[in-house]
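What follows is the residue order along each chain.
Protein chains: 2
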Amino acid sequence: MPVILFKPSQKTIDVSSGTELLDATHKAEVEIDSPCGGKGTCCQCIVRIIAGEVDSDSLGLLPKNAIDNGYLLACRTKVKNSHLTVEIPKRDEIKGGKFVEAEDDAFLVHQELLPEDVKLNPLTKRFKISVPEPQLEDGLADIDRLTRALQKEICEREIIYPLSIIRKIADIVRSESGNVTITAIEEKDRFNVVEVNSGDHTDQHHGIAIDIGTTTVAVQLIDLSTAKILSTRTDYNNQLICGLDVISRINYARKSERLEELRNRVLKTINNLIRQAAKNPQIKTDQICSAAISGNTTMIHLLLGLKPEYIRLEPYTPTILEVLNLKAGEIGIEINPEACVQISPAVGSYVGGDITAGLLCTDIANDSDEVNLFMDIGTNGELVIGNQDFLLACACSAGPAFEGGGIKCGMLAAFGAIEGIKIDRATGKASYWTIGNVKPKGICGSGIISLLANLFLTDWIDAAGKLNRQRKSPYIQIEDRQAKYIIASAEESSTDEPISLSEIEIENIIRAKAAIYSACSLMLKQVGLNFDDLANIYIAGGFGRFIDLEKATVIGLLPDLPLEKFKYIGNASLMGTYLVLISQEYRQRQLELAKRMTYMELSTDPSYMEQYTGALFLPHTDGFRFPSVQTMLKGEW
Amino acid sequence: MPVILFKPSQKTIDVSSGTELLDATHKAEVEIDSPCGGKGTCCQCIVRIIAGEVDSDSLGLLPKNAIDNGYLLACRTKVKNSHLTVEIPKRDEIKGGKFVEAEDDAFLVHQELLPEDVKLNPLTKRFKISVPEPQLEDGLADIDRLTRALQKEICEREIIYPLSIIRKIADIVRSESGNVTITAIEEKDRFNVVEVNSGDHTDQHHGIAIDIGTTTVAVQLIDLSTAKILSTRTDYNNQLICGLDVISRINYARKSERLEELRNRVLKTINNLIRQAAKNPQIKTDQICSAAISGNTTMIHLLLGLKPEYIRLEPYTPTILEVLNLKAGEIGIEINPEACVQISPAVGSYVGGDITAGLLCTDIANDSDEVNLFMDIGTNGELVIGNQDFLLACACSAGPAFEGGGIKCGMLAAFGAIEGIKIDRATGKASYWTIGNVKPKGICGSGIISLLANLFLTDWIDAAGKLNRQRKSPYIQIEDRQAKYIIASAEESSTDEPISLSEIEIENIIRAKAAIYSACSLMLKQVGLNFDDLANIYIAGGFGRFIDLEKATVIGLLPDLPLEKFKYIGNASLMGTYLVLISQEYRQRQLELAKRMTYMELSTDPSYMEQYTGALFLPHTDGFRFPSVQTMLKGEW
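Residue numbers (our numbering), protein chains in the order written: chain A, 2 to 638; chain B, 2 to 638.
No lab work stands behind these hints: they were computed from the structure.
Treat the hints with care, since some could be wrong.
If chains are identical, the list can't say which one is meant, so a pair holds when it fits in one copy or spans any two.
Unchecked claim - In silico DSS-like pairs for lysine-lysine, Cα to Cα no more than 25 Å straight-line: (1) Lys308 to Lys256; (2) Lys8 to Lys566; (3) Lys169 to Lys308; (4) Lys269 to Lys285; (5) Lys129 to Lys189; (6) Lys153 to Lys596; (7) Lys596 to Lys229; (8) Lys189 to Lys328; (9) Lys423 to Lys189; (10) Lys79 to Lys526; (11) Lys328 to Lys229; (12) Lys423 to Lys635; (13) Lys256 to Lys467; (14) Lys129 to Lys153; (15) Lys328 to Lys79; (16) Lys256 to Lys169; (17) Lys28 to Lys81; (18) Lys169 to Lys328; (19) Lys169 to Lys269; (20) Lys189 to Lys12; (21) Lys285 to Lys12; (22) Lys153 to Lys189; (23) Lys12 to Lys635; (24) Lys129 to Lys269.
Chain A extracted, bound-state conformation (with noise of 0.2 Å):
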């Protein structure tokens, strides 16, 4: 078999002739960017052949030149029968693949933003019982004697004991006189055990509350004996690297191979961060007997390892909506592999669970006429609008520029993430605040839209985005006949970079705004409604710890309404499933909610691109929509 030598990394591998080179790379375990997973589109997977034959269809994608110095794009190279020295050019360290510390990220969700009306009730409880002495009489083994106590002290129902449970019941009820405790789940008709200790371990009783984002994945370990968030924790989607949306995870997962490797980075994610969060209150991750996930069609069949392909393909059928009765040893989340899963039900291929979660946090579908808004701006943009009566979602794609993804400085809303900037109208310079009144590392979405809307209002950005070149200021520098803007100096900065945003970026932060904004004003207009007819709009994402709602406004983001109607929810997605997980009556309330909900397909309706045309400006072609931008363009604020 031909083998591969990579540079710089000296690592080597055997393929078979035929292989793909990427498929190569992610096998040998050599990062190589390729957002569009693998397509041919991106043209990112750049690598340069020392030695050895290839077959290669890279022409037309890269320069002539560049080819003819050995430069071939990995997606479209297939290794023949020679073996290989391929070297992987030297390109910027990838941010967003990089573990968030432990303790950089404690804002996630605050537990002073939840509902008020939640019951702690989650589905698996916790009971102290005692198991009487086997006798020679009764002719009773470990298990009846088990069940006994259980039907006499809590629940008369049919016990059911998984095997990991059997195997250990002997010495657990011959030690501490027989006292032991059980966590369960009562279902209709019988009492499924996950876990039996002995002792009375009633106050540790702990589950984990995932959601797992396109670009992000955040998990928070809660007490379930409180409802307490004890610690939650952040990090990119470890899958980033295979795609930056969906449509490229879902084209990259067409080898079935691939399907697995995708499957096994979001549970690497998942599991480091779980490990994280349960350090620092010091718990065991196999005691933690309970989970509730969240996140987008893909992402759970991606997770499931289910083939996504249908979801891309007409008539977009995924192969299921409401998963039931998973276990985490099965799927690959390592707490107590007995432990049940909670999977948040899907609407439809494009409104997921990560959407039903989100609404559990507003008040959108509760007893109203009211019509209120739900808008979640993560790497796919939904939306949910309705009241009492009704509730319609849509979505569109918006690309991981919010959650820093995407973007060279970009990063997660983390200590050292730049929140907030001001620019100085005359000399363009900026100053900002971190997170954690640190040195700056990066910048976060709340910092991106700040940054942006003062750019455009102290006029060193014009509408379209381009950067005021007539304008002379140290902080624009142009290089390559491309600009940026230089937020930070390499000396101000802890990674000693400047940290900076690039004319480029910027367009991928507009076209993100203009995406969700259209299909906001899309969607009101298919349901006969305007911006004015809504009472409250639910912002949800992945900014940071706040949204500038004003500045949001100014970019064309959000419309142009009093303040006073939005509320920003942060990561809706996990705090509904932290709801989900504490409280059998809010998982009720959402599955009645997918069940509800009605999917409208935006991108049919004939206005869409002109929809999507005019919101490519700050804030919009048609300023008369944004009102209070003008009087800001014009007068003082």
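Assemble chain B onto chain A, guided by the hints.
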């Protein structure tokens, strides 16, 4: 770490100092006999230290001169901090460990012997349904469409899918025009899907019945659409090398890694047999979607990896009697991992599921006042007496002799086994017949009974089982003061070695028959009955295709009663397991039988030893108990 070199195999292994040498042999996969399970009582695991130092405590167990020559017991020897060279003395080939060839053993359960009232109604059923194509409009996922089709055509209950099925469903519902074969189990309130295939495979519905004996394991492949037995395979239990009886195995399992070893050994035997059984009708083992297993309580504990220790210790309490709801994949049975495994319920530590299975093949507990006896003659002998009003069970330890175990030339009832013998009164020469009419390879249980009875009736052995040394015969050989009887010469035998039975082996057989007979008469005594009060006696066991009942009476294994009262039902445990597999009514009957049965402890009866000692003769010290044998001995027969 010390390195051990084993001779003559030249296998080497690293172990930490302090390791028991017996463990090291198993770890190095060096075959060594330890029938007592490492207790130091059988003195079989003899090794010789050629080089290096060990810590041994074999004195008193081995003669001093043996120890002086370097011989030790592996179970009494620990590795010190020095490299070792250890010789495993050559011993007779372990016949029991050899795999019985595929074609050899289709004899075990004859369909003609099955009860007449069996209605085909297996737990697992197959259905053909048609799943509509995906539609954009209905918003139904693949699983939703499948569920609706199932609920409409088959069963309105909640449908439960395991993750492995969810993973493959997308492609299945999109092929063969949506025609799908579902294998599923209907429960009270739910419908558990076990397998989904595309197309119509309702006629390919298979199950496997497994009987795990202490000595012998048997499996049977069943066509669940017709109840036809497709193939039967048997082999010695691969655990044999770790102890001949259940107590030795329990002792052996005291270390947790040895429990795991025992579990893996029996799984290896079972999975080998399943592959063999599936070879001839060419069935893919992962398409076997149903299983039923019977075994004594210890065998089931070992199969499931449950600590068997408490079975042996007062008050003899097992972990579990009735195991429900396990899947093949959890246990390690290599068929479809989602297949439900029905395990026969046990009554107590010494009356297991093999008995509740075996009773299904009898009328013992049916609507009659007549008292019947069920004898299962295996390594443990189990006895059940009862009628419509009572059911009493007891157990005794017999050893593996009647299955050919623990006897040099013993073998299972397979091709080449001597199953019947006549002895020339004058010369002592044996004439015999074998299964398959081929050259003899060894002797099975029925042959052993026939041989012993005929040697006794022709005066070649006495009532104590000693060979008659006064009468000269070339068929009696004496070596080292040990006498043995030559059944077949090396030339006659297919193994090129003579087939013989030694006096020590005869003693073992007499002890086995004495244990069984004395347990029978003690149990009858305890309920105030005599042998004459019995209407029917059902005899089960692994003797072979048949048992010569008259000869079994001659040696005093069976009581001296009119022959028409006896019914030989062969491997009743396997047959009962088959009944459970094909009929839920039989499964229900079995669960009820287990609940009705009462366990009697015989060993606490003060007359136990007296009964046993009296039975240690051919046929018995009390000749009046065997009047017809007396007649035979006096007169013509």
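Should Lys423 paired with Lys189 be assigned to within, between, both, or neither, using CA atoms and 25 Å as the limit?
-> Cα proximity of Lys423 and Lys189: none, with 58 Å in one copy and 66 Å across.
How would you classify Lys129 and Lys189 at a CA-CA limit of 25 Å: within, between, both, or neither?
-> within (21 Å within a copy, 30 Å between copies)
How do Lys169 and Lys328 come out at 25 Å by Cα distance, when the copy is not named: within, between, both, or neither?
-> Both: 19 Å inside a copy, 18 Å across copies.
For the identical chains here, do Lys189 and Lys12 meet the 25 Å Cα criterion within one copy, between copies, both, or neither?
-> For Lys189 and Lys12, neither the intra-copy (55 Å) nor the inter-copy (57 Å) Cα distance is at most 25 Å.
Measure nothing new, just compare the shortest in-copy and cross-copy C-alpha distances for Lys28 and Lys81 to 25 Å and report within, between, both or neither.
-> within (17 Å within a copy, 44 Å between copies)
Within, between, both or neither: Lys12, Lys635 at alpha-carbon 25 Å = Intra 59 Å, inter 89 Å, cutoff 25 Å: neither.
Between Lys308 and Lys256, at a C-alpha cutoff of 25 Å, which is it: within one copy, between copies, both, or neither?
-> within (9 Å within a copy, 44 Å between copies)
Tell me, please, which holds for Lys285 and Lys12 at an alpha-carbon limit of 25 Å: within, between, both or neither?
-> This pair counts as neither: shortest intra-copy Cα distance 35 Å, inter-copy 40 Å.
If the cutoff is 25 Å on CA atoms, where do Lys269 and Lys285 land: within, between, both or neither? Let me know, please.
-> Classified as within: same-chain Cα gap 18 Å, cross-chain 34 Å, threshold 25 Å.
Tell me, please, which holds for Lys169 and Lys269 at an alpha-carbon limit of 25 Å: within, between, both or neither?
-> between (29 Å within a copy, 23 Å between copies)
When no copy is specified for Lys328 and Lys79, does a C-alpha distance of 25 Å or less occur within a copy, between copies, both, or neither?
-> This pair counts as neither: shortest intra-copy Cα distance 40 Å, inter-copy 43 Å.
Between Lys153 and Lys189, at a C-alpha cutoff of 25 Å, which is it: within one copy, between copies, both, or neither?
-> both (17 Å within a copy, 23 Å between copies)
In this structure, the hints that do not hold are numbers 2, 7, 9, 10, 13, 15, 20, 21, 23 and 24, in rising order.
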